[in-house]
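**Student:** Here is what each chain is made of, one letter per residue.
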Amino acid sequence: MNVKVREEGDVTVLEISGKIMGGPDAEQFHGLIKKLLADGKTKHLVNLGRVNWINSTGLGILIAGYTSVKDDGGQFKLLNVSERIDSILMVTKLAGIFDSYDDLESALASFQD
Amino acid sequence: MSGETQNGTIHLEIPSDFRWLDVLNASLMAVAEEMQWNRDFTNEVSIAAIEAASNAVEHGNGMDATKRVCMRIRVSGGKFLLGVCDDGPGVDPSVLDRPLPSPDDLSLRGRGFSIMKALVDDIRFLKSPDGRFLLELEKALPEPGEAE
Numbered sequence: 001m002n003v004k005v006r007e008e009g010d011v012t013v014l015e016i017s018g019k020i021m022g023g024p025d026a027e028q029f030h031g032l033i034k035k036l037l038a039d040g041k042t043k044h045l046v047n048l049g050r051v052n053w054i055n056s057t058g059l060g061i062l063i064a065g066y067t068s069v070k071d072d073g074g075q076f077k078l079l080n081v082s083e084r085i086d087s088i089l090m091v092t093k094l095a096g097i098f099d100s101y102d103d104l105e106s107a108l109a110s111f112q113d
Numbered sequence: 114m115s116g117e118t119q120n121g122t123i124h125l126e127i128p129s130d131f132r133w134l135d136v137l138n139a140s141l142m143a144v145a146e147e148m149q150w151n152r153d154f155t156n157e158v159s160i161a162a163i164e165a166a167s168n169a170v171e172h173g174n175g176m177d178a179t180k181r182v183c184m185r186i187r188v189s190g191g192k193f194l195l196g197v198c199d200d201g202p203g204v205d206p207s208v209l210d211r212p213l214p215s216p217d218d219l220s221l222r223g224r225g226f227s228i229m230k231a232l233v234d235d236i237r238f239l240k241s242p243d244g245r246f247l248l249e250l251e252k253a254l255p256e257p258g259e260a261e
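Sequence lines, in order, name chains W and R. Each residue of the first sequence is one higher than the one before, starting from 1 at the first, in this note's numbering. Each residue of the second sequence is one higher than the one before, starting from 114 at the first, in this note's numbering.
Each hint can be trusted.
List of simulated lysine to aspartate or glutamate pairs, EDC-like, C-alpha gap at most 16 Å:
#  : chain 1 : residue 1 : chain 2 : residue 2
1  : R       : K230      : R       : D210
2  : W       : K77       : W       : D103
3  : W       : K35       : W       : D71
4  : R       : K192      : R       : E256
5  : W       : K70       : R       : D218
6  : W       : K93       : R       : D217
7  : R       : K240      : R       : D205
8  : W       : K70       : W       : D99
9  : W       : K70       : R       : D217
10 : W       : K41       : W       : E8
11 : W       : K41       : W       : D71
12 : W       : K93       : R       : D218
Source of the hints: derived by calculation from the structure; they are not laboratory data.
Build out the structure end to end from the sequences listed, making use of the hints.
**Tutor:** Below you can see the structure in the form of structure tokens.
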């Protein structure tokens, strides 16, 4: 899993590519989220458009990110959820937990102050 | 197209590293194309297979790349069969009886077998001929022309 971070106004966009599979990915992503929150960045948009696949452990990584940001009073949303990832979210009944968008403009507009 | 994996079973063996799961996925995509599986069926088989194989890499072999995960793909008798074996102690079969965590329960783990159970028809815990733990997934093939 590779993560690139960029800013779109006051929203932090996390561009993930590769596979979200657990192992070292979990520590890497969790550490990044904690650092962003410590820096006062509480609006997180996770772009999954270049993620090949995710497994249940990878799903746990996203859940951990969502929980950390939410507990800090922030917002954690998903962008470009593939059919494959959507299938996993549906099967695990977590589709309703994550706010997800198909285009960047709509996603950015959805963040509230 | 025969509807079966000609000459029997496709065998794969990879080091216990997530990077090599591409080999399994590419093989499944090749089988799907050859068998003309529809997109939904291909997606379901692929998700369940990656879940099973990543379990073997992470939990069975502890991500020790010197240990091997072996996989066998077979399409026969109207069924897709995937076997995944590792060097771990195996899985308590009662894991299949555990309910899926509720949407309000944001536990980080505990969904792997629920995902597999939802996507295939049967999950079996066996021993391979060399005594290693073998997880077998079975899913009936879609009827020809079955809508996606």
